Amino acid sequence: MEIAVNNLTKKYGSVTVLDAMNFTVDKGEILGFLGPNGAGKTTTMRILTGFLAPTSGDVKISNLDILDHSLETRQKIGYLPENNPLYNEMKVFEYLEFVARAKGIKNWRDEVKRTLAICKLGERADQVIGELSKGFKQRVGIAQALLGDPEIIIMDEPTSGLDPNQIVEIRNLIKEVGKTKTIILSTHILSEVQASCTRAIIINKGKIVATGTTEDLIRAAHGKSQLFITVSGKKEELETAIQALPGVEAIEYVLAHMPDEARYTITLAENIDVRKEISKLCVEKDVILLGMELKTLSLEDVFRQLTQ
Amino acid sequence: MNYSNSKAVFFKEIRSYFYSLSSYIFIIVFLTIITWLSFQNFFIIKQASMRGFASLLPWFFLFLIPALAMRIWSEEKRQGTHELLLTLPLTEWEVVLAKFLGGFSFIGVALLFSLPIPITLSRLGNLDWGPVVGMYIGAWLMGGALMALGQFISSLTKNQIVAFLLTAAASAMFIFVGTSLVLSKTGILSNFFYIISTITHFENLNKGVIDLRDVVYYVSFIGICLYLNVYVLNQRHWK
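Line by line, the protein sequences are chains A and B.
With the first letter of the first sequence counted as 1, position 291 gets the number 291 in my numbering; the numbers rise by one all the way through.
With the first letter of the second sequence counted as 1, position 61 gets the number 1061 in my numbering; the numbers rise by one all the way through.
I should point out that these hints are in silico values taken from the structure, not numbers from a laboratory.
These figures come from a predicted structure and were not determined experimentally.
A virtual CB, placed ideally from N, CA and C, is assigned to each residue, including glycine.
Misleading hints may appear alongside valid ones.
What the hints assert, rightly or not - Within a straight-line C-alpha distance of at most 20 Å, the following computed EDC-like cross-link-like pairs (lysine to aspartate or glutamate) qualify: (1) 1158/B with 89/A; (2) 76/A with 1092/B; (3) 91/A with 1013/B; (4) 113/A with 123/A; (5) 280/A with 237/A; (6) 91/A with 1075/B; (7) 137/A with 1075/B; (8) 1077/B with 82/A; (9) 1007/B with 94/A; (10) 207/A with 58/A; (11) 1158/B with 82/A; (12) 1077/B with 237/A; (13) 1007/B with 72/A.
Claimed, not checked - Covered by chain A, per the in silico footprint, the following chain B stretches (three or more residues, Cβ under 8 Å): (14) 1009 to 1021; (15) 1048 to 1058; (16) 1070 to 1081; (17) 1193 to 1201.
Turn these sequences into a full structure, and let the hints steer you where they fit.
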């Protein structure tokens, strides 16, 4: 176990931002830290890197407490803070040189060249950071985190504000780096977790609400599926009849587009399909079935269910 | 103390002074006015001394040093780079000290640029080098003290203008309480004011006698400011 978070709590005055969080991260994992804005992601990242101290609880990296052995543990971490702060007036190479030397890397020149190559920044080395596009800036931020070959890389929203092409590039970069490193990244974008992470932790209001692989998480929502139907006619009778079907957990009326139409969202239990039954019922009850669509819950829905 | 890591921060600071426009304004304004005053003295009073330079220096520093110091932490906070800086394998003391030494060296460089003035004066007239050397040492130490004060104040805010104004106000206080006007009117307090003012010790050094007490004053002033700076940075670790 590389990182162990034990009972982590952070309070700002009377506001509890993190509430007794416990989790561990193993070597080689790419852990996605998922949560809506304001869930406590950035605070967690800041505590993991030793920038902030928790109110109570502790974080251990390879069994070393990050506050008691601050310098030692900092050496093991590469950090890309929120919003990727950079010295805009510096040139890419200068900036990486500064970070490499501040990290105490002896052969810093080779190390800067190595990270420039990984992040495909070679041609931009002499450019002023402030003049780079957002995607390149992000790569500079990641290159900076990779300097010194730290075992753990922590990235706070590494793809925020990038265009779809840049996002794909950065994700590939993360995957590439993740082959040999332990990575923790925070995001509020679900596809990010599905695309790059081996495991995810979903947090909400400072608490862990779910943890596991993306498959686990979808399964954790009980493999439930939803059925959307649109009908026209005497809907009251149909509604009670559907409710009575085995495997139907809930039926909810949603406003339809047309005045004489009705739309329902039906939540089904695990591995249940009632489409045939519903279509038979419609015939029996003399209701016209206009549309029917079965949808299994995506990670998106799981996320919304868990964090609302 | 991790010298090689701190050295990187020191050089980054030095570099940032030479990147920022305000540093160039600092050097140009400083040199222009100081040169003019010194030679005015020479040609009008026909006296080869740097007394004009010395008497006005504190009042220049009052505005110029806060302009240099305001960005030291405010800019890092505004850009968010302090988060990066403070998670590098460096202690708070190392970062604070490296930053201060960067600013201190920059003031040293600015003063070095003014050396042609005393050199020219000594060629033209009979310059007494004792007070000049004392004045330069005093100027560097006083500049350092105000720089450290500005660095501490800059760590309190991410707004550079606020940092500038607060530093200028605080510096003005430390200079003003040591002026003869204040000292002659404050009775018993004047002893206290004499000790805490940044200007009285500078005037002592101007006489060309390097008294250890004056040097100790500036070193402790800088030490206290940097300690407060570290204290502010450590606040983020409060539970």
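Does the alpha-carbon distance linking residue 280/A and residue 237/A stay inside the 20 Å limit?
-> holds, 14 Å
Does residue 94/A lie within 20 Å of residue 1007/B when you go C-alpha to C-alpha?
-> holds, 14 Å
Satisfaction of hint between residue 123/A and residue 113/A, Cα-Cα up to 20 Å | holds, 11 Å
Within a Cα-Cα threshold of 20 Å, do residue 91/A and residue 1075/B meet the stated pairing?
-> Measuring from Cα to Cα gives roughly 18 Å; hence the hint holds.
Take the region 1193 to 1201 of chain B, compare each residue's beta carbon with every beta carbon of chain A, and decide whether three or more fall closer than 8 Å.
-> violated (count 0)
Given coverage of the region 1070 to 1081 of chain B by chain A, tested with a Cβ cutoff of 8 Å and a minimum of 3 residues = With 3 residues closer than 8 Å to chain A, the region 1070 to 1081 of chain B meets the three-residue bar; holds.
Given as covered by chain A, does the region 1048 to 1058 of chain B meet the bar of three residues or more with CB within less than 8 Å?
-> violated (count 0)
Does the structure keep residue 91/A and residue 1013/B at a Cα separation of 20 Å or less?
-> It holds: about 15 Å lies between the C-alpha atoms, which stays within 20 Å.
Assess, step by step, whether the Cα of residue 1007/B is no farther than 20 Å from the Cα of residue 72/A, and give holds or violated.
-> holds, 19 Å
Satisfaction of hint between residue 1092/B and residue 76/A, Cα-Cα up to 20 Å = Distance ~18 Å between residue 76/A and residue 1092/B Cα, so the pair holds.
For the pair we were handed, residue 1158/B and residue 89/A, check the Cα-Cα distance against 20 Å.
-> Status holds; Cα separation ~18 Å.
Hinted pair residue 1077/B and residue 82/A, Cα distance within 20 Å = The hint holds at about 13 Å.
Of the hints listed earlier, those the structure fails to meet are numbers 12, 15 and 17, in rising order.
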